[in-house]
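Under my numbering, the residues of the sequence shown are numbered 788 to 1047, in order.
None of these hints come from the bench; they were simulated from the model. Here the structure is a predicted model, which means the values were calculated and not measured. Ideal Cβ positions, reconstructed from N, Cα and C, are used throughout, including at glycine. Be aware that one or more of the hints could be misleading.
Simulated restraints, written as ranges between beta carbons of each label pair [unchecked claim]:
#1 Ser993 with Gly921: 15 to 23 Å
#2 Gln1013 with Arg1041: 36 to 44 Å
#3 Asp1011 with Asp864: 33 to 41 Å
#4 Val992 with Leu1035: 36 to 44 Å
#5 Glu1021 with Gln861: 49 to 57 Å
#6 Arg1041 with Ala889: 51 to 59 Å
Straight line, CA to CA, 20 Å or less: simulated PhoX-like cross-link-like pairs of lysine-lysine [to be verified]:
#7 Lys982 with Lys894
#8 Lys962 with Lys897
#9 Lys894 with Lys962
#10 Lys982 with Lys962
#11 Lys897 with Lys982
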Amino acid sequence: MAKANAAPVFPSDDDRNRGPSPAESSPLSSPSSSPPETATMNPAASDSQLPTSPASSPTSPPPAPTPPAPERPQPPDPFNIETLRCSLNFADGLGVKKVQGAMPCRKPGKAEFVRVRPGEEWRLMTAVLEMERGIERQTYLVAPHLWPELSGEISPALLLTCVNRQSDMFVWRIKLPGADGRSNSWTESALQIAKAAETRWCRLVSDVGNGHYSHFEPTVALPDPQWPEISFQEIIRLAFRDRLIDSLDHPVIRELRGAA
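Work out the full structure, taking the sequences as your base and the hints as a guide.
Next comes the structure, spelled out in structure tokens:
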């Protein structure tokens, strides 16, 4: 018997219009359909959601102890004796200097210690004229060209540069022997004390009973004087700027001659 060939099966028009069967359209029955997506977990996100504790980590060091608060320094005492103490050279610490506006010509006071500046460049032997003004005696410097005319009124004198403990400068006038050369104990004792005052502080006193000057020296060591920066010529100018006789028409000369 001959074997009959099976005719190919083609979908009919009804099959095409009907569409695929439920079995064919199901993703589970289709071998080519992609597998279902599975949810994946982000490790970083999961780690951030886990509770953390520093104490639970084996690698975390123990917390450092809190250091104690430093003590606040005490403010300086405004009444500290050592801070308030000043030295003898108080003006030097302030950076100031004394300006000599006047230069008296006088004898040292009986209550002041004085020093005489040594050296011939700090003294002058010249001719002066003295006038009594009540209880005050004024010394006038006389120009050399008038010495012959006023020989009876003038007298030789030694002008010394002096300073006291308060740094006040003045000119010490010591009257010298006249033309006759005769001296007296007052002049001699004054010259001796002036010489001692070149190296030591001296206080001049009048010893009327014995007719001469005496002096005292301090019992403690005193620092040397601080001599102002001023020339001797300027010292003489300041001392006699209002008491210079350079003309016979000067009021003092007119007064002595009865013409005033």
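Range hint 15 to 23 Å (beta carbons of Ser993 and Gly921) holds or violated: Holds, since Ser993 and Gly921 (Cβ atoms, about 20 Å apart) stay within the stated range.
Satisfaction of hint between Lys897 and Lys962, Cα-Cα up to 20 Å: Given that 20 Å is the threshold and the Cα spacing comes to 18 Å, the pair holds.
Restraint status (C-alpha distance of Lys897 to Lys982 at most 20 Å): holds, 17 Å
Proposed proximity, Lys962 with Lys894 (alpha carbon, max 20 Å): holds, 11 Å
Lys982 paired with Lys962 [C-alpha distance capped at 20 Å]: holds, 15 Å
Cβ distance range 36 to 44 Å for Gln1013 and Arg1041, holds or violated: holds, 43 Å
Distance restraint evaluation - Arg1041, Ala889, Cβ atoms, bounds 51 to 59 Å: With Cβ atoms ~26 Å apart, the hint is violated.
20 Å Cα cutoff - pair Lys982, Lys894: holds, 15 Å
Satisfaction of the hinted span 33 to 41 Å by the C-beta atoms belonging to Asp1011 and Asp864: holds, 35 Å
Range agreement (Cβ of Leu1035 with Cβ of Val992, hint 36 to 44 Å): The hinted range 36 to 44 Å holds for Val992 and Leu1035, with Cβ atoms some 39 Å apart.
Whether the CB-CB distance between Glu1021 and Gln861 falls inside 49 to 57 Å: holds, 53 Å
Against the hints set out earlier in the document, a violation occurs for number 6 only.
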